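Colleague: One-letter residues, chain by chain:
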Amino acid sequence: MSRIFVTRLGAVSPAGWNVAALRTALDRGNPLPAQSLARPGWEKPLPTRLVPNPSVRPEFLTHPRLRRTSPITHYVVASALEATARLRVDQDPRFRLGLVVCLQSGCVNYSCRFYEETLKDPATASPLLFPETVYAAPASHLAAVLGNISLASSLVGDPATFLQGLSLGAQWLDENRVDACLVIGAEEINWILADALWHLERPAILTAGAGAICLCREPEPSIGVELAAITDAHTYSTQNTRTQAARAMRGQLGKCSPGELLCDGVGNSPRTDAAELNAWRDWTGPRMSPKHILGEGLMAAAAWQCVAACDAVAGGRFAAANVSLVGSNQQAMGARFVRADSAISHLSTGRSPGNIRP
Amino acid sequence: MLFPTTSSPQAPPRVVITGAGIMTALGRGWKPNAEGFRTGRTAFRPVSHFNVSRQRAKTAAEVDLPATLPPTRLSAKQTARFDRAASLLLLATHEAWQQSGWEPMENLPFVLGTTAGGMSFGEAYFRQAVQTPRRHRHQPTRAFHYQPQVQARTVLEALGSNGPITIVSNACASGSNAVGHAWELIRYGQAERALAGGYDALTELVFSGFDALQALSTTVCRPFDARRDGLALGEGAAVVALETLESARRRGASILGELIGYGTSIDHHHLTQPHPQGDTTLMVMNQACATAGVTPEAVDYINAHGTGTVLNDSSEAAAISRWAGRRAATLPVSSTKASIGHLLGAAGAVEAVVCLMTLCEQWLPPETLFETPDPACSFPIVHRPQDARVNTVLSNSFGFGGVNASLVLRRWT
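Sequences listed follow chains A and B, in order. Per my numbering, the first sequence starts with residue 371, numbered consecutively. Per my numbering, the second sequence starts with residue 95, numbered consecutively.
Be aware that one or more of the hints could be misleading.
What the hints assert, rightly or not - Here's a subset of chain B near chain A, in silico, CB distances under 10 Å, partners left out:
hint	residue
1	95
2	124
3	306
4	405
5	408
6	424
Said to hold, decoys possible - In silico DMTMM-like cross-links for lysine to aspartate or glutamate, where the CA-CA straight-line distance does not exceed 20 Å:
hint	chain 1	residue 1	chain 2	residue 2
7	B	152	A	491
8	B	171	B	129
9	A	414	A	571
10	B	152	A	652
11	A	625	A	588
12	B	152	B	340
To be verified - One side only, chain A facing chain B, incomplete, derived with CB under 7 Å:
hint	residue
13	451
14	491
15	495
16	500
17	603
18	605
19	607
FYI, nobody ran anything at the bench for these hints, they're computed from the structure. Fair warning: this is a prediction, and the values are worked out from it, not measured in the lab. For each residue, glycine too, the CB sits at the ideal point set by N, CA and C.
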C-alpha cells in the first residue's frame, strides 16, 4: 500500500478563517466566548460559538455558483482553498483531485427555511432554497469552484465518520484514481440544531465551521506529516457499547511513545465524555482537547481535531499525534499522524501550545 | 485497521450477489416487483402521507407497508421507533439477508445510500419546535433517530450483526454509489462480504422541493418521451448481499448475478442540471465498462436514470448515443421510474435489483405509457413487455450536485 502524506491543512472555526487562527486559539487554551442564539418562543437563548465574519469578504464569494449558498458551503470552500493553496490545482487541467465531504447535520439553514415556507404555503416555497438543502450541495459547489475534482463523495454519519473519509481518500490515492484528495468535515449552525443538541447533550455549546486535510502520495509537497494509521470503525451496538468500542479503538492505536500528543474529542459533557475518558485513562503524555476551546462542532470538530494534530506534528512540536474520535451514536475510531522525516516541513511555529496539558 | 490495509497484490476478487431485497410501490419483495416490472405496471396514486392540495403535483408511488415487520432480534420498543424509511430499509435488508443465507456476523460492512434518512423525524421535530407553548416530549428521540447512521445501526442489529456503517449521500446517485462503494471494499480486500443498498421514504419537504422546482409531472411520468413533463416521486428501498465468488462457492450459495463494473465522477456544470451533452455520464459509463472489460456491443440493456424531466433525459440520451455509437440503434433502454417513480437515494439500488431481475428471468422492463420518442434518442425504448436474452446490463444514476454513477452487472450461469 502507498504511503500517504498530508499536503496542507485548512480550517474555518469560531477562532477565525484559517489554520493559524485555530492554532492561536488552541495555544491560548482559553474557551472562546459564547454568543446567544435566540430560540423562538423561549426567553432563554441557546449558547453557541459562531464563526466570526471574515475581516475581508473572501474573493471566492464572487464565484457565480456561490451566490445563494449557505454558510456551510462558505466554510467548505474556504477550508478547501487553504488546504489546496500550494497544489495549483487550477493551473493543471490534468491534475485529478478527489473530494470527500463529511457531514453530520449538513445544510440545516436552508432545510429549515424551506420547510418553514412549505408549512406556510407550499405553493410559494422558494425553488432556490431546495437544491441547497441536500447533503451533496457543498461538495458540488466546491467542485465547481476548483474545477478539476474528478471523484467526489459526501458521507454522512457521526463525527468519527471523518476518519472513514480519510480512509476513503487514502484508498483512492492508493488505487491511483486521484493525484491528491481533499477530505473535509463541515457543519453550519441554526437554532433548531442548537435546540436538538440541547435535548441530547445539554452542557455542550454548539459551533460550526470546517476542517480540511489534503492527502497525497508523495512526501515532497507535504507539510512533513504522514498518515500512519486509521483504526477500524468500532460500531456501537447492544453487544458493543460506546465504552467498549472506545476501548477497542484505543487498543488498536497501541501503546504510545513519550513525546506523542493525544488530540481527543472530550468536551464539557461528563456523560458523553465518559467513554472516551475511560479509554484513555492510562494516557500520561500531552493531551489537547479542542472542544474545550471551540465547542461542539460535530463533524467540523472531528476535522479540527485532525487538523490540530497534523499541525502540531508539522510544527515540530511532536513526533506523532493520535486522534481519538468517540462518535455520538455510530462508532469509535482513531488515527495516528507521524512526522515524515523524508518530507520537508513548511510550517514551524516553534511555540509550545498553551492548551496542551502535560 | 482501515489504514494501512493489507490489500492483496493479486488481481481483485470477483464479486457476486447472493441476496437481494426490494420494497417499492409495486409490492414487497422480489416476486411482486419482478411481475410488476416485467409487465410495466405503474404504481402511482394520490399522495396520502401529507397534504398536497397546494402542490402542483398530487400523486406519487407510495408503498403499502405491512402491518407488522418481520421478526428480528429487535424488541417491540425498538421497532416502534421506526419511521417509514427505517421500515422500508429493514424489510429490504431482511429479504436480502434471508436470501443470502448468511449467519449473523461481526465486521459486516453496511453501505447505504440515502438523501433523507429519517427526514420524517426531522419534520416532526421542526413542527413541534416552532409551536408555542414549547413542548419537549419526543424531541430527543426524534433528534436521535433522524440520523441515518442510527437507522442503519438498528437494522444491522436486527440481523444480529455488527460492522462498519457507511452512509453515502450523493443525492440521487447515492444508491448506486453505495453498491459501487461496497463492491470496491471487497475488491480492495477490506471485506469478504458486504450489505449495500439505498432507502428513502416520501416526505413533505422533498415532495414540496421537487414541486417548487416544477420538476414533478402533472400528467404521467414518461421518461424519454417527447411529451414528457417531469418526474414522479416514489419511495422504497433495496439491499444486495455482495461477496467474493470464492466465499459464495465455499458455502454453496445461490448466485443471482455478478457485479462487474462501476464508474463514478462529478459533473461541474450546475447544481441541479446535467451537462447538456452528458459529458460526465459518458465518462462514468466508459469507466464502468472499462472496469467490467465490456464494450457497448456486449451490453444487452440499459436501465437509464431516466427521470422524465426534459433536461435529464435529453442529456442522458446524448450520452448513451455517444457511448453506444452504432450499437445504439439496437440497444434496448428503459427507465423503471416510469413504474415506481424516482426513489432518490434508493433509486440506484432498486434499479440494480431490477437489473438482477432481468438477468435472472430474461426479460426487459417496459415503459408502457411511452408513446413518442424524443428525437435525441437514437436507441429503442422498451415500451412493451418482452422476453430477451440478457447477459450484461448497465444501470445509470445521477444526482443533484452532479455525482454520476454507473454499474455493470452480468448474468450468472
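Colleague: Next step is simple, just say for each hint if it's right about the structure.
Modeller: Hint-by-hint comparison with the structure:
At a threshold of 10 Å, the smallest CB-CB gap from residue 95 of chain B to chain A is about 6 Å, leaving the interface hint in force. At about 29 Å, the closest approach between the beta carbon of residue 124 of chain B and any beta carbon in chain A exceeds 10 Å, and the interface hint on this residue is violated. With 10 Å as the threshold, the beta carbon of residue 306 of chain B comes within range of chain A, its nearest partner Cβ sitting at about 4 Å, so the hint holds. Of the supplied interface hints, the one on residue 405 of chain B is violated, with its beta-carbon coming no nearer than about 13 Å to a beta-carbon of chain A, more than 10 Å.
Below 10 Å, beta-carbon pairs count as interface contacts, and residue 408 of chain B has none with chain A, the closest being about 20 Å; its hint is therefore violated. Interface hint status for residue 424 of chain B: violated, as the beta-carbon distance to the closest one in chain A is roughly 32 Å, over 10 Å. The hinted pair formed by residue 152 of chain B and residue 491 of chain A meets the criterion: a straight-line CA distance of about 15 Å does not exceed 20 Å. For the hint pairing residue 171 of chain B with residue 129 of chain B, the CA-to-CA distance comes to about 35 Å; that exceeds 20 Å, so the pair is violated.
For the proposed pair residue 414 of chain A and residue 571 of chain A, the alpha carbon gap of about 17 Å is at most 20 Å, so the pair holds. For the hint pairing residue 152 of chain B with residue 652 of chain A, the CA-to-CA distance comes to about 61 Å; that exceeds 20 Å, so the pair is violated. Using a Cα cut-off of 20 Å, the hinted pair residue 625 of chain A and residue 588 of chain A is violated, with the two alpha carbons roughly 28 Å apart. For the given pair, residue 152 of chain B sits about 49 Å from residue 340 of chain B by alpha-carbon distance, which is inconsistent with the 20 Å threshold.
A least Cβ separation of about 16 Å between residue 451 of chain A and chain B goes past the 7 Å threshold, and the interface hint is therefore violated. A cut of 7 Å between beta carbons decides the hint on residue 491 of chain A: the least distance to chain B is about 6 Å, and the hint holds. The beta carbon of residue 495 of chain A is positioned within 7 Å of a beta carbon in chain B (closest approach about 5 Å), and the interface hint is therefore held. Interface hint status for residue 500 of chain A: upheld, as the beta-carbon distance to the closest one in chain B is roughly 3 Å, under 7 Å.
Taking 7 Å as the C-beta cut-off, the interface hint given for residue 603 of chain A holds, the closest approach to chain B being about 4 Å. Checking residue 605 of chain A against chain B: minimum C-beta separation of about 6 Å stays under 7 Å; hint holds. Because the beta carbon of residue 607 of chain A sits about 5 Å from the nearest beta carbon in chain B, less than 7 Å, this interface hint is met.
The earlier numbered hints that this structure contradicts are 2, 4, 5, 6, 8, 10, 11, 12, 13.
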